[in-house]
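*Asks:* Dock chain F against chain B, hints included.
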Amino acid sequence: MLGMSSLLLLPFVLAGLDLGGRIGVALPSGGLGVQHASGVRLGAALGLSFGRSRVELDYDFAELAGRDAEPYRLRLHDLGGRYGFELLHRPSWGIEATAGASLSAASRSLRAARETGYAPVGHLGAGFIHRQGPTRFCLGLDHALFVENRSSGATTRLAFTSLLGLHIGVAYAR
Amino acid sequence: MPASRLSLIPLLLLGLAGCGDMLMHRAGQDYFPLISGSCWTFEPARVDSVGSDSTVAGRRAIVVYRDFAPEFWLKTTTEVRRLIRRTVIRGGSEHVLEEQYGLEYALPLVVGASWAELFRDTVVLLGTDTIAVFDSVWARVVAVEDLTTPAGSFFQCYQIHINREVRAETSFTESRTEWLSPGVGLVRLASGGDTTLLLDYHIGPRP
Chain B
17 MLGMSSLLLL PFVLAGLDLG GRIGVALPSG GLGVQHASGV RLGAALGLSF GRSRVELDYD
77 FAELAGRDAE PYRLRLHDLG GRYGFELLHR PSWGIEATAG ASLSAASRSL RAARETGYAP
137 VGHLGAGFIH RQGPTRFCLG LDHALFVENR SSGATTRLAF TSLLGLHIGV AYAR
Chain F
203 MPASRLSLIP LLLLGLAGCG DMLMHRAGQD YFPLISGSCW TFEPARVDSV GSDSTVAGRR
263 AIVVYRDFAP EFWLKTTTEV RRLIRRTVIR GGSEHVLEEQ YGLEYALPLV VGASWAELFR
323 DTVVLLGTDT IAVFDSVWAR VVAVEDLTTP AGSFFQCYQI HINREVRAET SFTESRTEWL
383 SPGVGLVRLA SGGDTTLLLD YHIGPRP
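For the record, the sequence lines run as chains B and F.
Going letter by letter, the first sequence gives residues 17 to 190 in our numbering.
Going letter by letter, the second sequence gives residues 203 to 409 in our numbering.
Relax, there's no trap hidden among the hints.
No farther apart than 20 Å at their CA atoms in a straight line, the calculated lysine to aspartate or glutamate pairs in the EDC-like style are these:
1. F:K277 x F:D250
2. F:K277 x B:D84
3. F:K277 x B:E86
4. F:K277 x F:D255
5. F:K277 x F:D232
6. F:K277 x F:E301
Between beta-carbon pairs, the in silico distance windows are:
7. B:L174 x F:F336: 44 to 52 Å
8. F:G253 x B:R127: 31 to 39 Å
9. B:T172 x F:F270: 32 to 40 Å
Calculated directly from the structure, the hints in this document are not laboratory data.
A virtual CB, placed ideally from N, CA and C, is assigned to each residue, including glycine.
Chain B extracted, bound-state conformation (with noise of 0.2 Å):
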């Protein structure tokens, strides 16, 4: 089964892709954070790089938890694309401007208690890249700003929550 699907991967292998993971941490900032604390944060990209630019589409999942309470938690699975560009390019190394776009699927809970909805995201961020042969690694700094709009008769209310991202990726290609 696991040979089949590499022989499935192996074309976009091949082509240039490459495929990584990444660990960070979520930090909520404004009105968010008064109530979250910092959480954990993970994710997968499958990116393709050609010269100075790169496109990415990756999932990221986190989890804040509540500031003192302990069973309230806020979970967020992100899914959409991001387009880098390398500012400063070296052969080894790079510093990489990025922005994108995800729609993420979130959900609040309180021991039974659960609301579920989903936000557009756009992303900006900034990164630090290394290159050794086949691998990738990157140190990067991501702005979310989730965009929720509500219409109510003539009134429409449009709303930004920011989450701020720390994170260390790997990605190797062949």
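*Replies:* Frame of chain B; chain F shown alone:
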């Protein structure tokens, strides 16, 4: 495909995603702002305001004037409490039956969340007269609603059902429904067939 075109794909996804459903907005909001200088005017006539802090019953409390009568509130990231003080007159002097910061709201608010608290005590007055004190509260967050009052439109309000039963020198039960708006607090209250609506408000000192 050039990189610039590829980068349009996530932006297109963002556009297709529509408006979201405000869950993240709710997660970051204060539904019971007790900021000094704030004032809420309701109809039928009632004015609530927040004064400065004061130490009462051994705790540093926020003074809230409800129709100009002082109440003492505590607020943390996990709960909001109000000082409950019940007294009775016996032999020409006042005796305390109950004095505690009772639970009003358990935070954060999440639809389906509930909380309860029970205070029970037996007080002996003048050596012979015994009064059993029973004070219980039970509350549940039942919905998220958008609503309009004379003060304007309020989005993403939590609707909370609160039941209280008190048995002491005098006994009563109370059932009320409150709507708390993000960044504003109480905007609507329904109790015993009467409805109180927010008429005007400002959070913090009046600009």
